[in-house]
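So in the numbering used here, spot 46 of the sequence shown is number 182, and the numbers just go up one at a time.
The set of hints was computed from the structure by calculation and includes no laboratory data.
Wrong hints could be hidden among the right ones.
What the hints assert, rightly or not - Only pairs whose alpha carbons sit at most 20 Å apart, straight line, appear in this in silico DMTMM-like list of lysine to aspartate or glutamate:
id	residue 1	residue 2
1	K278	D203
2	K278	D208
3	K278	E316
4	K278	D335
Said to hold, decoys possible - Pair ranges (Cβ atoms, derived):
id	residue 1	residue 2	range
5	A233	N175	45 to 53 Å
6	S180	L140	23 to 31 Å
7	A167	D235	47 to 55 Å
8	R138	A167	36 to 44 Å
9	G171	H304	14 to 22 Å
10	G171	V209	45 to 53 Å
11	L329	F195	30 to 38 Å
These numbers were taken from a predicted model, which means no experiment stands behind them.
Idealized CB from N, CA, C, for every residue including glycine.
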Amino acid sequence: MRRLYDISVPVESGGLVYPGNPEIDIALQQAIAKGASANVSRISFGSHTGTHVDAPRHFFDDGAGADTLPLDVLMGPALVIAMAPDLMAVSAEQLKAHDLTHTTRVLIRTRNSGFIREREFRRNFTYLAPDGAAYLVDQGVKLVGVDYLSVEQFHSGHHRTHRTLLEHGVVIIEGLDLREPPPGVYELRCLPLRLTGLDGAPARAVLLAS
Numbered sequence: 137m138r139r140l141y142d143i144s145v146p147v148e149s150g151g152l153v154y155p156g157n158p159e160i161d162i163a164l165q166q167a168i169a170k171g172a173s174a175n176v177s178r179i180s181f182g183s184h185t186g187t188h189v190d191a192p193r194h195f196f197d198d199g200a201g202a203d204t205l206p207l208d209v210l211m212g213p214a215l216v217i218a219m220a221p222d223l224m225a226v227s228a229e230q231l232k233a234h235d236l237t238h239t240t241r242v243l244i245r246t247r248n249s250g251f252i253r254e255r256e257f258r259r260n261f262t263y264l265a266p267d268g269a270a271y272l273v274d275q276g277v278k279l280v281g282v283d284y285l286s287v288e289q290f291h292s293g294h295h296r297t298h299r300t301l302l303e304h305g306v307v308i309i310e311g312l313d314l315r316e317p318p319p320g321v322y323e324l325r326c327l328p329l330r331l332t333g334l335d336g337a338p339a340r341a342v343l344l345a346s
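Produce the entire structure from the sequences given, and follow the hints as far as they go.
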């Protein structure tokens, strides 16, 4: 059997969120211990919680919602590439060191994977630089995955990385945990919740070794 890597992060009360986003709150609304016939939980969190997919509507009011993202792009061969542990910005220069010929899906492992499961947000996370995003678009990449809660530099002010990718129809997966899978080609399965018209949606993502 092929090895399966679960590259999603757990969603739990008090878990890591991007500053300003809704906190995660999960609690029993009905409890057997309190006399109910079953356990039923109430969940409250934002559309960009944990491992999630960005839809064009995240930055464009007339953009497509998460429920219309192409599932064929979210499933299929994906290349995991690893960056140097001291790298703070993934630029076109770093990406050119990797052969992306005929590559549709790229997952970028950085130092972030070492702290993606921490509860304290790190503002100095490694990000995809705007020229790196433009390079991926030029290479024909249709899906980009990163190992922190945003593909963009914290409080960049311009959002050029997001905009460059989303306006060209590139699907963004954020919040991946890429500590375990070695660099190489895998089969990606990433299915966001079918939330109608939303700017993003939490997802479960796994990699199957070739």
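- prompt: Do the Cβ positions of L329 and F195 conform to the proposed distance bound of 30 to 38 Å?
  reply: Violated, since L329 and F195 (Cβ atoms, about 20 Å apart) do not stay within the stated range.
task: Starting from the range 47 to 55 Å, see whether the pair A167 and D235 falls in it by beta-carbon distance.
output: holds, 54 Å
- request: Could you check the hint for me, namely that G171 and H304 are 14 to 22 Å apart, CB to CB?
  value: For H304 against G171, whose Cβ atoms are near 55 Å apart, the range 14 to 22 Å is violated.
query: Has the given pair, K278 with E316, been kept, meaning a C-alpha gap of at most 20 Å?
result: Outside the cut-off at roughly 24 Å; violated.
task: Could you see if the CB distance from A233 to N175 stays within 45 to 53 Å?
output: holds, 50 Å
- prompt: For the pair supplied as a hint, K278 and D335, is the alpha-carbon distance within the 20 Å limit?
  reply: Holds: K278 and D335 sit about 18 Å apart, inside 20 Å.
- request: Confirm or reject the claim that S180 and L140 have a C-beta distance inside 23 to 31 Å.
  value: holds, 30 Å
task: Please work out if K278 and D208 have their alpha carbons no farther apart than 20 Å.
output: holds, 10 Å
message: Hint check: K278 vs D203, CA-CA at most 20 Å. Holds or violated?
response: Given that 20 Å is the threshold and the Cα spacing comes to 17 Å, the pair holds.
field: Outcome of range test on Cβ distance (G171, V209; 45 to 53 Å)
entry: Check passed, 47 Å falls within 45 to 53 Å.
task: Please test the hint of 36 to 44 Å on the beta carbon pair from R138 and A167.
output: For R138 and A167 the Cβ distance comes to about 40 Å; the hint holds.
This entry does not satisfy hints 3, 9, 11, going by the numbered hints stated previously.
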